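The primary structure of each chain is shown beneath.
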Amino acid sequence: MLNRLSTFLYLRPKLVLALLLLPPLIWFLVVYIGSLFTMLVNSFFYLDGFTGQVVREFTLKTYAKLLIPANVQIFARTTSMAVAVTLMSIVLAFPLAYYMARFASARMKTFLYLAVTLPLWSSYVVRVYSWKLILAQEGIISWFARLVHLDGLLNWYLSLPVVGGPSLSVSATGIFLVFVYIWLPYMIIPIQTALERVPKSLIEASSDLGATPVQTFRTVILPLAFPGVIAGSIFTFSLTLGDFIVPSLFGNSSFYIGKAVLTYQGTSGNIPLAAAFTMGPIIIMSIYLLVARKLGAFDAL
Amino acid sequence: MSDNTAIEFRDVSRVFSVKHENQSGEVRAVDNVSLQIKDGEFFSLLGPSGSGKTTSLRMIAGFDRPTSGQILLYGQNVSSLPPYARDVNTVFQDYALFPHMTVGENVAYGLMIKKVARAEREKRMDEMLDLVQLPGFAGRKPLQLSGGQRQRVALARALINHPKVLLLDEPLGALDLKLRQQMQVELKSIQQRVGITFIFVTHDQEEALTMSDRIAVFNQGKIEQVGTPAEIYEHPQTPFVAGFVGVSNLVTGPVAKRITNSDRTFSIRPEKIHLAASSAEIDGDMYAADGRVRDVIYLGLYTRYLVELDGGGDLVVVEQNLKTTSMDVMKVKSQNVRLFWKKEHARYVGG
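Keeping their order, the protein sequence lines are chains A and B.
The first sequence begins at 19 in our numbering and counts up by one.
The second sequence begins at 5 in our numbering and counts up by one.
Same shape as in the complex, but just chain A (with noise of 0.2 Å):
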């Protein structure tokens, strides 16, 4: 009986293919794109003001409430966020990827992917919370500060506009290196994936026809590895996009896109404007993928 089945399945090779993708299509056309379809259709709703309640008519009324100054500002705050947290990642991965890939040997190799993934085993949001304690007023950077003499130079720092704050922990300066950390990982695997698939030889041949170590890395390594560094940004920057959790812990009164979602969501009830809130962050990805395109990300794939 079975082996008829396998014999019938066997001699159906599209059949089988049908069936083993019958699931992840249905998940992802039902689960994925209707949900987004879905918030798409309710962003062209609106709140009405007296009722409470959602009107279900075709509108761009709610778009252009998105517009008004405070609300270009949370668009402007994040991204800018999500940029320097993505410039910051790809410094900080960079070298630690290049080492793993070209120097490390087989068992530190190991000990390395370990380390950087290891942190993502456990829950986000107590990893989060443990850098309230490093951050804090009385925090371990503080403490630090005070120890090498080093305080004033902090508070200094602290008195500063957009980046400064009444301590660390309730910062944009705190927000930005804990979305560091978080996403850090993200970036590391694959523009060390990217470089890993680098051969020597080319490396070689640079060298060979005269280039300088700085040069070779110039032309050769760093385009190949850009469609890694492209694929490392595009987790950071999204995340950092999309994420509420962070600014609510570590920031002040001030919106990032995530937060602001939650907020009129979940509190007024205003599902319409959480809706375009949300588009924005698709949009602004769409064109970084196009810009990442232009400039040749996705050619060495």
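Bear in mind the hints are in silico, worked out from the structure with no lab data behind them.
The structure displayed is predicted, hence computed values, not measured ones.
Where is the CB? At the ideal position from N, CA and C, for every residue including glycine.
It is possible that part of the hints are untrue.
[Unchecked claim] Now the in silico label distances, taken between C-beta atoms and shown as ranges:
id : chain 1 : residue 1 : chain 2 : residue 2 : range
1  : B       : GLY54     : A       : PHE235    : 51 to 59 Å
2  : B       : VAL19     : A       : ILE158    : 44 to 52 Å
3  : B       : GLU190    : A       : SER123    : 56 to 64 Å
4  : B       : GLY54     : A       : ILE158    : 51 to 59 Å
5  : A       : VAL166    : B       : PHE20     : 57 to 65 Å
6  : B       : LEU85     : A       : LEU171    : 40 to 48 Å
7  : A       : PRO217    : B       : LYS168    : 20 to 28 Å
8  : A       : ILE51     : B       : PHE20     : 50 to 58 Å
9  : A       : VAL166    : B       : PRO86     : 49 to 57 Å
10 : A       : PHE235    : B       : ASN81     : 26 to 34 Å
11 : A       : SER123    : B       : ARG144    : 32 to 40 Å
12 : B       : LYS168    : A       : VAL166    : 55 to 63 Å
13 : A       : PHE235    : B       : SER53     : 28 to 36 Å
[What the hints assert, rightly or not] Subject to a maximum C-alpha distance of 16 Å in a straight line, what follows is the list of computed EDC-like cross-link-like pairs (lysine to aspartate or glutamate):
id : chain 1 : residue 1 : chain 2 : residue 2
14 : B       : LYS145    : B       : GLU190
15 : A       : LYS218    : B       : ASP68
16 : B       : LYS127    : B       : GLU109
17 : A       : LYS218    : B       : ASP98
18 : B       : LYS347    : B       : ASP299
19 : B       : LYS346    : B       : ASP287
[To be verified] Stretch by stretch, here's where chain B covers chain A in the computed footprint (C-beta under 8 Å, at least three residues):
id : segment
20 : 218 to 225
21 : 235 to 245
Dock chain B against chain A, hints included.
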């Protein structure tokens, strides 16, 4: 040392320390090698894998450094110079073309690094593509090329800087037989045209014999023999060379004594042996041995016979099929035969 020496090895050794399952030791990849390669020569480093030929090449390029000894490039000690400071270029076994650049950018890479002006760069790039017979390929990407075409691009890229010495690391290994033979002829003619010293690493003895002015035969980190293809083939100095270059019968001990009245080991090439009826009269300037044909392999151009000698041991004999057909040669199977060859064709080899 004469003025026209391109590359000289002075007592060069390269020792790798290896760690394997708690055992550590060292491998003498290149073991006290001294060698001189003349200006303008097509010189082959021939040997089996692990014989030290590739390590020697990598030390000339600068990817690896000698543990001891010196490497001289036109009289200058380059042993500790990085690859980018040596006037030597390499054609890699896997071609190592930059996948994110076009063929033209690959070829002009060396000039781009040297900051040669664009117009000059493109002129020389076109010349190089003409030289390797790929005109009009500048705009393509390496991934769109066939193996043979990539090979040519790699060659053009390595030649554009007019290096003093061109190193080729088994560049034809990945090509099929027809293309390989065609490239052998072409490489040789390109070398004669550009007049640059070529150092060619290969494990294929036929390739080395076809192309080289001189050959160094490597075995276990040492050079067994250096000579012209004819010297290497006709006068192998060691049993290893006799066995590795071409097919050779090595005859030792009592079997050798029965034939030559001396127990010195000698080698005899299969094509030098004649096959005759067991009753044939043999001249005095010949050695003779009797045996029985165990196997006959018809190979079109020639036939290979495996003859079991009466006193023990086998000899391989090759005869061209000048007049014979496959039907004729098969009749010899299991027959008793007499083998003979000119005494001077038996080469005494060391050991």
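Do the hints match the structure? See the list:
1. About 33 Å separates the C-beta atoms of GLY54 of chain B and PHE235 of chain A, a value inconsistent with the hinted range of 51 to 59 Å.
2. In this structure, VAL19 of chain B and ILE158 of chain A meet the distance hint of 44 to 52 Å, their C-beta atoms being roughly 49 Å apart.
3. Between GLU190 of chain B and SER123 of chain A the beta carbons are some 42 Å apart, a value that contradicts the proposed interval 56 to 64 Å.
4. For the pair GLY54 of chain B and ILE158 of chain A, the beta carbons lie near 55 Å from each other, so the given range of 51 to 59 Å is met.
5. Against the hinted window of 57 to 65 Å, the Cβ-Cβ separation of VAL166 of chain A and PHE20 of chain B comes to about 46 Å, which falls outside the hint.
6. Checking the proposed 40 to 48 Å range against LEU85 of chain B and LEU171 of chain A shows it holds: the Cβ atoms sit about 47 Å from each other.
7. Evaluation of the 20 to 28 Å hint for PRO217 of chain A and LYS168 of chain B yields a pass: the beta carbon distance comes to about 26 Å.
8. In this structure the supplied range 50 to 58 Å holds for ILE51 of chain A paired with PHE20 of chain B, their Cβ-Cβ distance being about 56 Å.
9. Under the hint 49 to 57 Å, the C-beta atoms of VAL166 of chain A and PRO86 of chain B, about 41 Å apart, miss the expected range.
10. Here the CB-CB span from PHE235 of chain A to ASN81 of chain B is close to 28 Å, well matched to the stated 26 to 34 Å.
11. Between SER123 of chain A and ARG144 of chain B the beta carbons are some 39 Å apart, a value that agrees with the proposed interval 32 to 40 Å.
12. In this structure, LYS168 of chain B and VAL166 of chain A meet the distance hint of 55 to 63 Å, their C-beta atoms being roughly 57 Å apart.
13. Checked against the given bound of 28 to 36 Å, the beta carbons of PHE235 of chain A and SER53 of chain B, roughly 32 Å apart, stay inside it.
14. Annotation: proposed proximity of LYS145 of chain B to GLU190 of chain B is violated, straight-line Cα distance about 23 Å (limit 16 Å).
15. A threshold of 16 Å between alpha carbons decides the hint, and for LYS218 of chain A with ASP68 of chain B the separation of about 13 Å falls inside it, so the pair holds.
16. Between LYS127 of chain B and GLU109 of chain B, the direct Cα distance comes to roughly 12 Å. Compliance with the 16 Å bound is thereby established for this hinted pair.
17. At most 16 Å may separate the alpha-carbon atoms for a hinted pair to count; LYS218 of chain A and ASP98 of chain B meet this at roughly 11 Å.
18. Annotation: proposed proximity of LYS347 of chain B to ASP299 of chain B is violated, straight-line Cα distance about 25 Å (limit 16 Å).
19. Our distance criterion of 16 Å between C-alpha atoms is met by LYS346 of chain B and ASP287 of chain B, whose separation comes to about 9 Å.
20. For the segment 218 to 225 of chain A, the assignment as covered by chain B holds, since 6 residues bring a beta-carbon within under 8 Å of that chain's beta-carbons and 3 suffice.
21. Coverage of the segment 235 to 245 of chain A by chain B holds [criterion: at least 3 residues with CB-CB distance below 8 Å; count 4].
Hints 1, 3, 5, 9, 14, 18, counting from the list given before, are not met by this structure.
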